[in-house]
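Which chain is which? The protein sequence lines are R and F, in order.
The numbering of the first sequence is the UniProt record's numbering, which starts it at 1 and goes up by one.
The numbering of the second sequence is the UniProt record's numbering, which starts it at 1 and goes up by one.
In short, the hints are calculated from the structure, not lab data.
Keep in mind the model is a prediction, meaning the values are calculated, not measured.
Every residue gets a Cβ at the ideal spot worked out from N, C-alpha and C, and that includes glycine.
Be a bit skeptical, because a hint or two may be false.
When the alpha-carbon atoms are kept at most 20 Å apart in a straight line, the in silico DMTMM-like pairs for lysine to aspartate or glutamate are as follows [as the list claims (entries may be wrong)]:
id: 1; chain 1: F; residue 1: LYS258; chain 2: R; residue 2: GLU66
id: 2; chain 1: F; residue 1: LYS247; chain 2: R; residue 2: GLU193
id: 3; chain 1: R; residue 1: LYS141; chain 2: R; residue 2: GLU156
id: 4; chain 1: R; residue 1: LYS171; chain 2: F; residue 2: ASP148
id: 5; chain 1: R; residue 1: LYS211; chain 2: F; residue 2: ASP149
id: 6; chain 1: F; residue 1: LYS247; chain 2: R; residue 2: ASP221
id: 7; chain 1: R; residue 1: LYS6; chain 2: R; residue 2: ASP221
Quick list of simulated restraints, FRET-style, between CB atoms [stated by the list, open to error]:
id: 8; chain 1: F; residue 1: ASP170; chain 2: R; residue 2: GLU208; range: 39 to 49 Å
id: 9; chain 1: R; residue 1: GLN63; chain 2: F; residue 2: LYS27; range: 32 to 42 Å
id: 10; chain 1: R; residue 1: TYR72; chain 2: F; residue 2: GLU60; range: 56 to 66 Å
id: 11; chain 1: R; residue 1: ARG223; chain 2: F; residue 2: LEU144; range: 53 to 63 Å
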Amino acid sequence: MLEKVKHIILVLSGKGGVGKSTVSTQLALTLSESKFKVGLLDIDLCGPSVPYLLGLEGHDVHQCEEGWVPVYTNADKNLAVMSIGFLLKNRTDAVIWRGPKKTAMIKQFLEDVAWEDLDYLIIDTPPGTSDEHITVMECLKAVNADGAIIVTTPQEMALEDVRKEVTFCKKTGINIIGIVENMSGFVCPNCTECTNIFSSGGGVALAELAKVPHLGTLPIDPRVGALAGSGKACVKELPDCTTSKILQSIADNISAEKS
Amino acid sequence: MSAPEVENKPADAPEHCPGTESENAGKASACAGCPNQQICATGPKGPDPSIALVKEKLKEVRNKILVLSGKGGVGKSTVTALLSRAMAQLNPERNYGVLDVDICGPSQPRVLGVLGEQVHQSGSGWSPVYVEDNLSLMSIGFLLGSPDDAIIWRGPKKNGMIRQFLTEVDWGQLDYLVLDTPPGTSDEHLSATTFLKETDGNWGAVLVTTPQEVALLDVRKEITFCKKMGIPVVGVVENMSVFVCPKCTTESDIFPAKTGGAEKMCEEMEVAYLGKLPLDPRLAKCCDEGKDFITEHSKSPTVIALHQIVAKVQDFFD
């Protein structure tokens with residue numbers, strides 16, 4: 001399983017809607033802009049967001065001798081993507097499955113996708129600490145994954161669930177690469193007043209408490225939000241924004257550590 | 001790969017599996033060679049006996065509202081708390097209950113300001129925690145030793161917990177029981193739906209979304225879920241819709257509705273649109289601190305919008 005993959009990184013959060021898929025897709029795009037071969041696997045089966053965010057809705061997965069051929073974002077084939085979204089006939093279709101079927105699907109994604117040689121495989125997950133997470137953790141024990149990036153927003157309500165995800169990682173022996181604080185502060189485009197809509201600093205505090213690195217704090221930037229659906233890399237389109245700088249530093253951090 | 005469908009067969013079942021609840025389970029021709037044949041042929045058949053227990057236990061609960069969303073972090077728990085608090089304040093003579101079925105990420109104890117409270121056992125079952133005289137709450141959050149404790153459970157254990165919440169909590173007589181759910185269309189949703197479907201009284205789903213397409217995408221799936229499972233849809237609430245700068249009052253779309261937002265999606269999916277709740281940073285703060293936003297900031301546009309939504313929800317049930 002995954003013999004051709006050099007590094008595996010999980011993107012986790014106990015909380016939903018904090019930006020796991022945005023961080024996963026933008027990190028994958030950042031690494032691929034740095035000339036790495038990257039794979040992105042979406043194991044959120046009930047709410048797959050990756051095909052939409054990368055502008056790949058409507059693409060099909062084909063079968064080859066080695067297994068399922070992932071969808072590539074361009075002809076250079078430096079970003080390969082797999083998601084249950086590619087297997088649904090209609091974008092309103094619901095995947096109404098209990099745990100065992102979800103587990104079987106994730107095992108298939110890990111075992112049967114014909115990834116070419118990859119420098120990095122990024123795995124985007126649903127919120128929670130249940131079937132999907134237990135399955136991926138058990139499967140990856142055999143292949144020695146690099147660890148997990150945990151995404152949170154700054155307010156207590158999100159942190160409460162994210163603390164549980166940290167416990168999950170510690171209990172199951174998943175290395176925590178670090179915590180990203182997303183949606184921290186919004187700068188009014190008219191008067192430049194910064195409002196901390198969902199509070200601020202919570203991710204930094206959690207990183208300190210859990211004794212894991214703080215990878216960066218991302219503001220609410222509607223220009224980054226507007227890239228959703230385009231498949232464009234933030235680091236390329238908006239090279240000067242804070243989000244790009246932090247994405248680049250996370251990518252550098254990961255690649256420096258591993259090479 | 002075949003299109004996903006409502007599941008009542010195991011992952012390793014043969015193609016023409018009759019379903020584990022079928023009269024023919026373990027006996028149909030397709031069952032020959034299935035690894036589960038023995039279990040199906042000998043196990044008890046028919047619907048889960050707990051369904052009848054739930055029906056008995058909830059017979060004094062008039063209306064049940066499921067608060068759903070395919071997407072996480074859109075405000076299901078916030079809307080659950082606002083809706084329950086608003087209804088309880090408007091009708092002091094009526095009783096309301098909140099059940100948090102988000103097992104892995106329970107938020108209700110914090111949002112309703114009863115973090116750290118204990119659930120007590122009485123002769124007639126678990127007593128829920130009372131937030132107000134006419135508003136009670138049950139959540140797995142009350143059963144955890146520390147806020148860091150993670151519930152690392154697969155489906156069956158989560159389902160067992162939900163069954164216990166519905167059969168062993170002493171809710172008493174309630175006008176409304178509001179269920180806060182986790183994101184998705186999986187175990188928790190199937191279990192809650194299966195149990196509530198057979199109960200007396202009315203039920204319906206309130207769906208919560210934010211305006212941007214990446215959230216609407218998952219909410220459409222949740223509407224499909226409701227239609228397939230036969231859950232009446234009360235309507236959709238659009239949360240975090242517009243942000244007003246507290247300094248210069250400029251309006252900003254934090255989560256831009258590039259595809260027309262919830263209102264347009266409701267037209268497409270043929271469900272009712274209940275209204276939008278503007279993004280007020282004071283609401284996020286109240287949720288973190290467990291304060292009652294409705295009385296603390298009664299003039300906020302979010303509270304005014306909320307009352308219109310509450311009226312529509314009550315109309316649906318009355």
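Here's how the hints hold up against the structure:
With a C-alpha separation of about 39 Å, the suggested pair LYS258 (chain F) and GLU66 (chain R) falls outside the 20 Å cut-off, and the hint is violated. Restraint check for LYS247 (chain F) and GLU193 (chain R): the C-alpha separation of about 7 Å stays at or below 20 Å, so the hint holds. Taken as a hint, the LYS141 (chain R) and GLU156 (chain R) pair is broken in the structure, with Cα atoms around 32 Å apart against an allowance of 20 Å. Between LYS171 (chain R) and ASP148 (chain F) the CA atoms are separated by roughly 11 Å; this keeps the pair inside 20 Å, and the hint holds.
Between LYS211 (chain R) and ASP149 (chain F) the alpha-carbon distance is near 17 Å, which keeps this suggested pair within the 20 Å criterion. For the suggested pair LYS247 (chain F) and ASP221 (chain R), the alpha carbons sit about 18 Å apart, so the restraint of at most 20 Å is met. With a CA separation close to 33 Å, the supplied pair LYS6 (chain R) and ASP221 (chain R) exceeds the 20 Å bound. Taken as a hint, the range 39 to 49 Å holds for the pair ASP170 (chain F) and GLU208 (chain R), whose Cβ atoms sit roughly 42 Å apart.
The hinted window of 32 to 42 Å between GLN63 (chain R) and LYS27 (chain F) holds, with their beta carbons roughly 34 Å apart. Between TYR72 (chain R) and GLU60 (chain F) the beta carbon distance is about 58 Å. The supplied range of 56 to 66 Å therefore holds. Take ARG223 (chain R) and LEU144 (chain F): their Cβ atoms lie about 40 Å apart, and the range 53 to 63 Å is violated.
Hint compliance for this structure: hints 1, 3, 7 and 11 are broken, all remaining hints hold.
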